[in-house]
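**Q** Could you slot chain B onto chain A? The hints should help.
Number of protein chains: 2
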Amino acid sequence: MEIKIMKNVLDRNKNKANEVRDLLKQKNVLMVNIISSPGAGKTTLLEKTIGNLKDKFKIAVIEGDISTDRDAQRLKNHGIPIVVINTEGGCHLDSHSISKVLPEFDLDNLDIIFVENVGNLVCPSHFDLGETFKLAVVSITEGDDKPIKYPMLFREARAILLNKLDLIEYTNFNKKVFYNDLNNVNGKIPLFEVSFTKNEGVDQWYNWISSQISSK
Amino acid sequence: MEIKIMKNVLDRNKNKANEVRDLLKQKNVLMVNIISSPGAGKTTLLEKTIGNLKDKFKIAVIEGDISTDRDAQRLKNHGIPIVVINTEGGCHLDSHSISKVLPEFDLDNLDIIFVENVGNLVCPSHFDLGETFKLAVVSITEGDDKPIKYPMLFREARAILLNKLDLIEYTNFNKKVFYNDLNNVNGKIPLFEVSFTKNEGVDQWYNWISSQISSK
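As given, the protein sequences belong to chains A and B, one line each in that order. According to my numbering, the residues represented by the first sequence are 3 to 218, in order. According to my numbering, the residues represented by the second sequence are 3 to 218, in order.
With the rest of the complex left out, here is chain A:
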């Protein structure tokens, strides 16, 4: 019985996700669903990436948070449209909440919407928001075993950011283990080793995301 209910919820989500995707396609807007553990660096990634891209592209952000607007506060100096969705305890965003907030944006004047999902490696991977693609963010300090322990996200994402590279020398993160496991889960996925706080390796990422926007 529980499985049936879950399927119904997922089906309803799927239909709404397809509506969102159709609308964004019609408006020629890319939507990136950013997923990571709490504290892997999603907001810092957005701070830096928006700073780098905002003269070239028209950007908006949807911030998914359980109960605060802390992340949105960190981004507001960029002067771009930001909408916060508080999930009130919920562990992920869904396509219905995305659908409800899209009218807040002028979609005719946007290139890309970054969606910062709730910090959680598990649940957000199961819910299609209607995004163009998912972006996985994982940080060195979480350890090298994340691809094998949380494989769904790494299978579903179009690209991976391996963040906090500046801290690798202070940890026991083993790149060989990480890449070996990742290869078993999703061997062909583009991956960028970066430190957003130290601006290391970020140019390849900016080039890649720019090319995704340009070819939309």
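What the hints contain is simulated information worked out from the structure, not anything from laboratory work. Warning: the hint list may mix true and false statements.
[Claimed, not checked] To give an idea of the chain A side of the interface with chain B (calculated C-beta under 7 Å), a few residues:
| # | residue |
| --- | --- |
| 1 | Gly41 |
| 2 | Cys125 |
| 3 | Asp147 |
| 4 | Leu169 |
| 5 | Tyr172 |
Note that beta-carbon positions come from the ideal geometry of N, C-alpha and C, so glycine has one too.
**A** Chain B alone, transformed into the frame defined by chain A:
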């Protein structure tokens, strides 16, 4: 309708959780439900804590993982009873799965069962496993905003381990912000600043958990 179903599921979980708790009480076994983000250091905490306590107390472990036994492999050298629960994609353990694995242990010869929940700051906080208490683990590298962004766990836990203290100088973690937010969420909770990899601050934790076991 969804809320009603959720309530039924939670009620069923609550009843089973109380059964688990009654059994453990009858057998005089403490059960600690350990909750954190992925990669905050739950398994390292267990490696070190079991090493410190195993001559004094009879310890067992339940490892909750989505699809592997990696964490259990890391603990097996201690020679204590370990049972793995694979959630097959599920984002948290529940009291039914705990109830099913308890017969694997000789409860008459145990002092404490550590339960390593699925790495997730959100969902595990909502599900009572029948534990004696929840233990929150949060790491410096996740940032100082976790208590305010994920308040439920910090309200529900009996104690907090603030781990990876050795990395604080390489991050922008602001202790004042962390403690100010935590104070607003749960001002009275015992907290231990530790680095399990560097064995910093761990003695206070070992003393505290020992006193919890001794006074059960």
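**Q** Confirm or reject each hint.
**A** Status of each hint after checking the structure:
1. Interface restraint check: Gly41 of chain A against chain B, minimum CB-CB distance 3 Å, threshold 7 Å, status holds.
2. Interface restraint check: Cys125 of chain A against chain B, minimum CB-CB distance 5 Å, threshold 7 Å, status holds.
3. Look at Asp147 of chain A: its Cβ gets to within about 6 Å of chain B, closer than 7 Å, so that hint holds up.
4. A least Cβ separation of about 6 Å between Leu169 of chain A and chain B falls short of the 7 Å threshold, and the interface hint therefore holds.
5. Hint status for Tyr172 of chain A relative to chain B: holds, with the closest Cβ pair at about 6 Å, below 7 Å.
In this structure, none of the earlier numbered hints is contradicted; all agree with it.
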